[in-house]
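Student: Top to bottom, those sequences are chains P and G.
The first sequence runs 606 to 821 under our numbering.
The second sequence runs 725 to 1319 under our numbering.
Rather than coming from a laboratory, the hints here were simulated on the basis of the structure.
The beta-carbon is built from N, C-alpha and C at its ideal position, and this holds for glycine as well.
Be aware that a few hints might be false.
Said to hold, decoys possible - Quick look at which bits of chain G chain P covers, simulated, 3 or more residues with Cβ under 8 Å:
#1 735-743
#2 918-927
#3 1024-1035
#4 1175-1186
#5 1201-1210
#6 1233-1241
What the hints assert, rightly or not - In silico EDC-like pairs for lysine to aspartate or glutamate, Cα to Cα no more than 20 Å straight-line:
#7 G:Lys-791 / P:Asp-676
#8 G:Lys-931 / G:Asp-1084
#9 G:Lys-931 / P:Asp-803
#10 G:Lys-921 / P:Asp-800
#11 G:Lys-921 / P:Asp-803
#12 G:Lys-931 / G:Asp-1111
#13 G:Lys-1214 / G:Asp-1111
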Amino acid sequence: MQGLAGIAACSTVLASPPGHASRPVPYAPRFFTPVEWAFLIAACDRLIPADENGPGALALDVPRFIDMQMDTPYAHGAQWYMQGPFVQGPDNLGYQLPYAPRDLYRRGIAGMNAHAATRHGAPFAGLAPALQDDLLRGAENGGMTFGDMPSTVFFDQLLANVMEGGFCDPIHGGNTGLGGWTMLGFPGARADFMDWVDQYGAHYPLGSVSISGETA
Amino acid sequence: MSDDARRLHPVDVVIVGGGWAGSIMAKEMTEAGRSVVMLERGPDRSTAADGAYPASIDELEGNFRYKLFQDLSKNTVTIRNNSHQTALPYRRMAAFLPGEGVGGAGLHWSGVHFRMPPDDLRLRTRVIEKYGAKFIPEGMNLQDYGVSYEELEPFFDKAEKVFGTSGEAYMVKGQVVGKGNVFSPSRSDHFPLPALKDVYTAHLFRKAAEEVGFHPYSLPAANASRQYINPYGAQMGPCNFCGYCSGYACYMYSKASPNVNILPVLRRHPLFELRANCHVLKVELDADGRRATGVTYTDSDGKVVTQPAEMVILTAFQFHNVRLMLLSGIGRPYDPVHNEGVVGRNFVYQNVTTSNVWLDRSIDTNQYVGAGGGGVAFDDFNSENFDHGPLGFVGGSPVWVNQAGVKAIAAAHSGGPPGTPRWGSAWKAGVIDTYRHSLRIDAHGANMAYRDVYLDLDPTWKDAYGQPLLRMTFDWKDNDIRMNRYVVDKIGDVAKAMGARRVNLTKREFGRPFDTRQYQTTHLGGGAVMGTDPGTSALNRYLQSWDVHNVFVIGANAFPQGTGYNPTGMVAALAYWAAHHIRTTYLSHPGPLAG
């Protein structure tokens, strides 16, 4: 496709903060502790694995995206109604815990690692992929609780952020090299299809472009 | 609190809420020579600032961090499925996405711009005429609007011209003029702009629907199909199908919004003042509660002030209008036990489900291309366009492909066909196939009003200003579920004619309650409905409070029950209708417009 593919591939490998692709400095998480970071990397790798269909969450820098998001008002719960009392009810009436995304990660990761240790004698990141998948499926299906938090709450939060990180504009630190968009066939910020709208069934010829002008 | 509030200089009209209805009413009142203050609880917004390319087309910010939407941390609602449950706060955005800021939901909407079907305006009368009174299920509060299509037609026409609506007419002045919706009533004029081009999926849907024997038409879209200058002199650019409509301030100035189509003119008017970041706490009434004296609000500095006014026009979002009436003591609150009282009565939603069709892998469906209001629909099973007699339900549903532009995060969340895992390599394969080769077909059905579905004030939870949250008591009912299931089966016929490789028909399931966690639509309605009987409506047919004559309440709150169409076109027409009667009658003879 169009230019800059080399730069994209470079930043994929180096996982440096966006806008600082020239220096090969590994990303240092600001929110997650080393133990949490190890969990996040391992879990992301299972949720979007690299395979023949395209890059995985690690090449897309999804863990970096999630860590950067933890510094936003959203992660502090600023967009959620967080006034009490917090009364639990049927699932279909929605989220009713007092925890903002940052708390959900702290409690969720600790819970996942505790379950991993109890069942398999090692933290999540130290387990074989098949065991990691079992634990993730257990969390997804509500098979665990982390204190007063059903595992589904944590899993859904994690999966939502992983999808965001894999497919957002790279300005947010994920979707490195526009790899998520290229895999899907999403043109990103091209956002002008006046002469394409009635070219029925044809394959769009231009590569994705980001808000900052990066192309793939 | 209002006793201590600072009193401002009186104005003629205070308008609460800076969306479509508020902007239309402000324009009309300033044209009538009245001084207007428009209060908006959210920030000021403009396309130049909030719709700048390319920074504004950021899916994470627009659709997942809800940049243009209501700040739930300050104010939300509580929801329950029935009156035996404890309603719980809607803490995170999901099922519906109310707006906030100047332009309101009119800035982040998609642009589907309908006229209300004539039969829907008199649905109770029509159903009884066709099927008898016993056809109406027990507990359904089926009502008429109290206004006819013929009366509203000039105002539908005016709204389309202000919005720059693109579409193809079927009948103008009684003559068939084009390939528009054969079920639509005669119009006084054509759409101001020709229909948008069909995107590929809509093109396929149109062909297949015709083959099956239905009557497809281009959705009327307030996305300009070419450059346009509206009657106010506001300019729109041609839609380029960028796919960033819903959740965004259209960077092309192509999607109609108050910010593009009305406010640029209004902001310059010497009789108009916009105050952003002003949250209205209540409408002030005189000692006997029969007349409004103004509103009290928290201003952008957090100070509580009172704005005296001769008239108060509530133009906030549907449920905020209802809540302000309840908080202010305007109209008798609804009592579901005795089916008496009117404020909170007949709360309704939109009964929409989305089905998926997968085509051959050699075909790219290009789902990222889109216009929020564009697409192709058929109305063969909407409104009273078909015989409900043997079917035994009230209401109907248009069916359409309304490809508004599917973006990457949303596609990733939607995943693959049913049965595909939500993550891992199988998810990846499924989501790629689905994004590249599938399309979505909606059954966008009506939701009827029921005696035990209503709005009131929550006894427990409060907003950031210490006022009770609004409480929604809502669930799907068998009548509406049966309607949805009947119409969705028709989608199956169309999908087959499209040569579908795979079809997933999504139907509402009996016994599955309304789920606040899944996005459905922001088309909420009712709660302070219009009508001709003060016993069953909070507003008369001019949108005027029966009880407090200098309060008008404009919005989808006025719909006595749901409709198969999107609400904005009707809200705009009702605003122009009410404004017409205020200007021609009320201003010279203030008092009840209906007795």
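Student: For each hint, tell me whether it holds in the structure or not.
Tutor: Verification of the hints:
As drawn, the stretch 735-743 of chain G meets chain P at 0 residues by the rule of a beta-carbon pair under 8 Å; below three, the given contact is violated. Residues of the stretch 918-927 of chain G lying with their CB closer than 8 Å to a CB of chain P number 5, which satisfies the three-residue condition for coverage. Counting residues of the stretch 1024-1035 of chain G whose beta carbon lies closer than 8 Å to any beta carbon of chain P gives 0, which falls below the threshold of three, so the coverage claim is violated. Only when three residues or more bring their CB closer than 8 Å to a CB of chain P does the claim for the stretch 1175-1186 of chain G stand; here the count is 3, and the claim holds.
For a cut-off of 8 Å, the count of residues in the stretch 1201-1210 of chain G with a CB near a CB of chain P stands at 0, and the three-residue condition is violated. Coverage of a stretch by a chain is defined here by at least three residues with a beta carbon nearer than 8 Å to that chain's beta carbons; for the stretch 1233-1241 of chain G and chain P the count is 5, and the condition holds. Taken as a hint, the Lys-791 (chain G) and Asp-676 (chain P) pair is honoured in the structure, with Cα atoms around 17 Å apart against an allowance of 20 Å. Distance hint between Lys-931 (chain G) and Asp-1084 (chain G) is fulfilled; the C-alpha atoms sit about 17 Å from each other, no more than 20 Å.
Only pairs whose Cα atoms come within 20 Å are accepted, and Lys-931 (chain G) paired with Asp-803 (chain P) is accepted, the gap being roughly 15 Å. For the hint linking Lys-921 (chain G) to Asp-800 (chain P), the alpha-carbon distance of about 11 Å falls within 20 Å, and the restraint holds. For the hint pairing Lys-921 (chain G) with Asp-803 (chain P), the CA-to-CA distance comes to about 7 Å; that is within 20 Å, so the pair holds. Under the criterion of a C-alpha separation no larger than 20 Å, the hint pairing Lys-931 (chain G) with Asp-1111 (chain G) is inconsistent with the structure, at around 25 Å.
Only pairs whose Cα atoms come within 20 Å are accepted, and Lys-1214 (chain G) paired with Asp-1111 (chain G) is accepted, the gap being roughly 15 Å.
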